[in-house]
Every structure is written in C-alpha cells, then in structure tokens.
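Colleague: Residues per chain, in single letters:
There are 2 protein chains.
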Amino acid sequence: MIARCRRLFEPALREAVSVLHPWSARMAGFTLGWADADGRPYEGNAGKSVRPAIALLCAEAAGADPGSAVPAAVAVELVHAFSLVHDDIIDHDEQRRHRPALWKVYGTGPALLAGDALLALAVAQLARSGEAMTYLSSALVELVQGQTADMAFEGRPWRGPGAVTADEYTEMTLGKTGGLLGAAAATGVILGGRADLAARMWQMGRELGVAFQLADDILGIWGDPTVTGKPADSDLRRGKKTYPVLAALATDSVAARELATLLSTGATDDRSVRRAARLVEEAGGRAEAETLADRYLSSALDTMNACLPHATDLRTLCGSLIDRIH
Amino acid sequence: MIARCRRLFEPALREAVSVLHPWSARMAGFTLGWADADGRPYEGNAGKSVRPAIALLCAEAAGADPGSAVPAAVAVELVHAFSLVHDDIIDHDEQRRHRPALWKVYGTGPALLAGDALLALAVAQLARSGEAMTYLSSALVELVQGQTADMAFEGRPWRGPGAVTADEYTEMTLGKTGGLLGAAAATGVILGGRADLAARMWQMGRELGVAFQLADDILGIWGDPTVTGKPADSDLRRGKKTYPVLAALATDSVAARELATLLSTGATDDRSVRRAARLVEEAGGRAEAETLADRYLSSALDTMNACLPHATDLRTLCGSLIDRIH
Chain A
20 MIARCRRLFE
30 PALREAVSVL
40 HPWSARMAGF
50 TLGWADADGR
60 PYEGNAGKSV
70 RPAIALLCAE
80 AAGADPGSAV
90 PAAVAVELVH
100 AFSLVHDDII
110 DHDEQRRHRP
120 ALWKVYGTGP
130 ALLAGDALLA
140 LAVAQLARSG
150 EAMTYLSSAL
160 VELVQGQTAD
170 MAFEGRPWRG
180 PGAVTADEYT
190 EMTLGKTGGL
200 LGAAAATGVI
210 LGGRADLAAR
220 MWQMGRELGV
230 AFQLADDILG
240 IWGDPTVTGK
250 PADSDLRRGK
260 KTYPVLAALA
270 TDSVAARELA
280 TLLSTGATDD
290 RSVRRAARLV
300 EEAGGRAEAE
310 TLADRYLSSA
320 LDTMNACLPH
330 ATDLRTLCGS
340 LIDRIH
Chain B
20 MIARCRRLFE
30 PALREAVSVL
40 HPWSARMAGF
50 TLGWADADGR
60 PYEGNAGKSV
70 RPAIALLCAE
80 AAGADPGSAV
90 PAAVAVELVH
100 AFSLVHDDII
110 DHDEQRRHRP
120 ALWKVYGTGP
130 ALLAGDALLA
140 LAVAQLARSG
150 EAMTYLSSAL
160 VELVQGQTAD
170 MAFEGRPWRG
180 PGAVTADEYT
190 EMTLGKTGGL
200 LGAAAATGVI
210 LGGRADLAAR
220 MWQMGRELGV
230 AFQLADDILG
240 IWGDPTVTGK
250 PADSDLRRGK
260 KTYPVLAALA
270 TDSVAARELA
280 TLLSTGATDD
290 RSVRRAARLV
300 EEAGGRAEAE
310 TLADRYLSSA
320 LDTMNACLPH
330 ATDLRTLCGS
340 LIDRIH
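These protein sequence lines are chains A and B, in that order. Here the first sequence is numbered in our numbering, starting from 20 and rising by one per residue. Here the second sequence is numbered in our numbering, starting from 20 and rising by one per residue.
Bear in mind the hints are in silico, worked out from the structure with no lab data behind them. Do not rely on the hints blindly, as some may be mistaken.
To be verified - List time: in silico SDA-like cross-link candidates among lysine to any residue, alpha-carbon distance up to 25 Å:
1. B:LYS249 to A:GLY174
2. A:LYS259 to B:PRO41
3. A:LYS123 to B:LYS123
4. B:LYS123 to A:GLY174
5. A:LYS259 to A:ASP289
Can you make the complete structure from the sequences, with help from the hints?
Modeller: This is the structure in structure tokens:
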C-alpha cells in the first residue's frame, strides 16, 4: 500500500526538488532517501511516507482518483523532511534513518538552508489552492509551535512545581506531530473534491498524530535500534521529556521517586539508562502511554469511519502506525 | 512616509506574532526591533521596513486604501525577518542592526526555530489569497535559491577559470533580494484590487532588488559602520564575493591582479582590508556597481511609471534605497 502510494507521488516529489540549486537538490536527495552523500542513487531509505500516503488515501476514500492529491502528498512530505532536517540541527542529533544527519554530512549552514528550501517548495505545491493552503499553513504554525514547546520543556524540572504535565505534553504533540497529519488528511480530501470533510479530517489527523507520537516515544525508549535507526535509549540518554517518563513521574510510587532522583543526576551510562527505562515501566509509564495511544487512535478511526466509510487502506495504514508498539 | 506605513502595518505584525509560543514571541520581538533581549519594550531598531512599505504604497498607487495590503506587508516583513535570522546563523554574523544577532542572544537552536516560526506566520497571512500566495511562494523559493547560490560562490576562486562572473552575481541577487521585493509589489497591487498589474510589478520589484543589493554591497565595503550597524569592511574582511569586487577582478588591470593576490592570501588585518577596498575602487569596481545599480533602478522606475503613474511616494521610497550610495 505504501509502495503503491510512493509510486504515485515520488515522481512529482523528484520533479519538485529538481528545480533547486544543484547543491540543495543533492542535499534534498540525501535527506529524502534516494541518494547517498555524493548524490549517487541509493535505495531503501525513503522513510515511511506516512504523511503522503494519508493524503493520497484520503482522496481515494473520498471517491476521487488518488492522483488528484499528489500536490498535497508532495507538500506534506516536503514539510516533514524540512522539519527533520532542522530538528536534527537543533537537537544535535547525529543520526537519522541509519545514516548521518544532513548537517553532519554537509555542515550546519548548508543543511539549514536546504531545510528552508524544502519548506519553500512545500508551500509552492499548494499556493494556488487557497482552501488546502490554509490547512498546510495552520500545520506549519502548529508544527513550529509544538517544536518550541518541546524545546521549552527541556528547561523545566522533572518533578514537583513547574514540572511538565502529561496534558501539556499531549497538547504539544497535537501541534508537533498532529498538525502535519491533520493537514495531510484535510488537504487530501480537499484535492479529492470533498472540502466539506476537511475540518473533521484535520481533527482526525491531529488525533492520529498524538497516537503516532506516543508510539514513537515508546519506541524511543524500548525500540530496537536496528529498526528505529537511532541509538538505543537515545531519548532517555539525552534526558528528553517524553510521555512515558512524564506519566511515570506523575505517579506517587517508589519507582517514580527513584526515577526522579536518577534523572536529576543526568547520568548517561548504559546502566543508569537501563535502570531508568525499567523504573518508567514499573511506575506504569509505558502502559499509560500505550493506553492513551490506543484511545487517540480509536477516536481518529471513529471519525474516519463516520466520514470515509470505505477507507479500508487508510484504516490499515493508521492502525499499523500504532501496531509497532504492541 | 516610512513612519506612516509603519503605523499602518505594525499593529497587525504585532498581532500576528502574538499567537506564538511566549519564547518565540520574545525572540520575534527582539528581531523585529521592538523589544530588548529580555522582552522589554525598545524603540528605534525596527529596520527600514522597505518591503512592507512597498506593498502598502503599491496598493495605494493602484487606487486602493493602503490598509487593504496590510496582510501582504506583514507577510513580506516576516519573510524578511526570517531570512535575516537564518542568514546570521549561516554566516556566523554576530551583529545585526547595532545589536547582537538573535542566535548570539538565544542560541542557535532557538533562533533557528524562531526563524521557522516567522516564516510559518508569513505564509499564514496570505494563505487564503491564492493569487498573492503564488507570488509569495515564488519569492520564498527564489530567496532560498539565491542564498544557496551566494553560499556556493564562497567556494569558488576569485579569478581565473571557475571564478564567479558579474552576470552570475546579478542573477543570484535577482533571487536573493529581488524575489521578496517583487512579491511585496505584486501582492500589494493584488490586495489593492489590480491583479492585472501583478506580473509587471513582480518584475519591477526584482529589478529594484538588484539595485538595492548592489547599493548594500557598496555600503558593505565603504559604508559607515555607525549607519550600517555592521562592523567596517565586514564583507571584505570575511572574503565575501560581492559585485564591486567581482567587477574589479574581471578587469584586466594592475589593480585587479594585485587585488586577486591580496584576496587569495585571506589576510583580514585592517591594513590589508583597507588596501583591498582601495584596489577595488582603482580597478573601477565601485563605479561599475554604482552604474549598474542606477540602471536597474531606472528600469524599475520606468515600469512603475507605466503601471502606476501616481505613485509619488513609492518612487521617492525606491529612489531613497539607492541614494544612500551617491
């Protein structure tokens, strides 16, 4: 299904990128996964293409040719790529999808500018479609707001007064991850001729985004590095505030207190990080994240069933995003 | 005139920025010039507001209330602010308008993200106006392409095979500086109800942009630091390829050869930099830049006179951009 979607939008994605300066085009090819660092063709590192697939499958489920949503698919994939490139610079993450991050290969300045180029191209895809553009632009604002909130969480304490609450975290993910999934779904139905469904599909996508982010948080602690493409326990190691940890810390348990103490030391050795992961699980943080992910997914699927009753492929895709954690 | 324009668009600009996360809003206030680093109100550092003034005066010259172009004015000012924030990160420039650059005050990651936020807000201003959005989005693509070309120039030789030609440089400035001035003029007339003039005003703005950039290049070498807000001779000191230097090097003169040798040593001491500036002038680089700036300005003014014969304020504004060098 993803492969079918990819065949539909990838030619347009490559064409969009081809207008760039050769230097940016090479960086774009590397970050979009079809070229190595020297610009030679490269297979099998294109990411999951979740966002463009949602756009195309939404158009199809709305009764249109999925090809009608190609500009939306290309736009959301470009925004996603832009956000990963800038995120890796901001977080000093050196690896992305089993390869070095873009800034590690080409330098911070060129990578920053390549990210800007991807964003500019994304906007160009939907510039003529005012209705779709309002959703894409809302997603951009929400994405950046969510990333900023996420960054601001870093400076706050793990526990006690001023600690980040689970609700604040969920709100942040509605923007950081939900906005773009919402735009994928909304622009997909708009280009598929069902603008009347856009507002509900936006909401559906945002909820899906929360479920997706929580699944990522779980994989960021307990996922297999050979699958995730990131170093093991990387979120815990760099002290990132994620839902399972915040939910664990919010409990009044012995494990939560020990976890808070351990995290406050900032220890990043393997033993401490593994201990922290066990304490998050003992305090119920993992289970709570799973439950909440399932709840957001079901709410999204309810909306999808009501709006797009024949969306079999879309439902399968959405379910698969969360299945990874079960 | 600028003050009148500023009164028109600044409330909308402040309102646009007010939706941001408090952290981004503070960074935006600093970079847009109405707050100090701690978020306290601050006067007199708002930049020249050239782009928003062009949008408003174009709408007015098209026979509309200039207020009709406020969303365009806000959008182009936000894009401009975004580009300065990212440029300073890319170029490691530590000063901007007599104050530290945003990244020096808040760190690279937060500044990068604040730049992204400004761009996202810019797009949101015009999302509903498909016609205006196509010009804004073209300007974004051109801007980033121009910045990339400019960056790629850095790795090329000063003289001989592979050297950057004056034509390549002019082409780069059409994108880097021209695109956004073109968008200001085109979106101004569109929101002012004269979409039929948009394509010609886009072209007019792009030409104006080249003239403006050449004037900036001249000031970057011979300008007074107390006026430019940048360290003296900063372009020459960091070996930036600008029009006067490239034009000087392209001549077959003794001064050009000495200049090429001097630049190749990469010497950044005051004596070498002053000597380089004198050699650029001796080889005729400054005069050629002035002549070309005047030629682009006149072509822009011709288009303006043909399209908007009553644009007195707009003509005065455009002239003043170049007068700085005479």
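Colleague: The structure should be examined with respect to each hint, and the outcome stated for every one.
Modeller: Going through the hints against the structure:
1. B:LYS249 to A:GLY174: Outside the cut-off at roughly 33 Å; violated.
2. A:LYS259 to B:PRO41: With a Cα-Cα distance of about 21 Å, the restraint between A:LYS259 and B:PRO41 holds, given a limit of 25 Å.
3. A:LYS123 to B:LYS123: 22 Å, holds
4. B:LYS123 to A:GLY174: Within the cut-off at roughly 19 Å; holds.
5. A:LYS259 to A:ASP289: Roughly 16 Å separates the two Cα atoms, so the pair holds.
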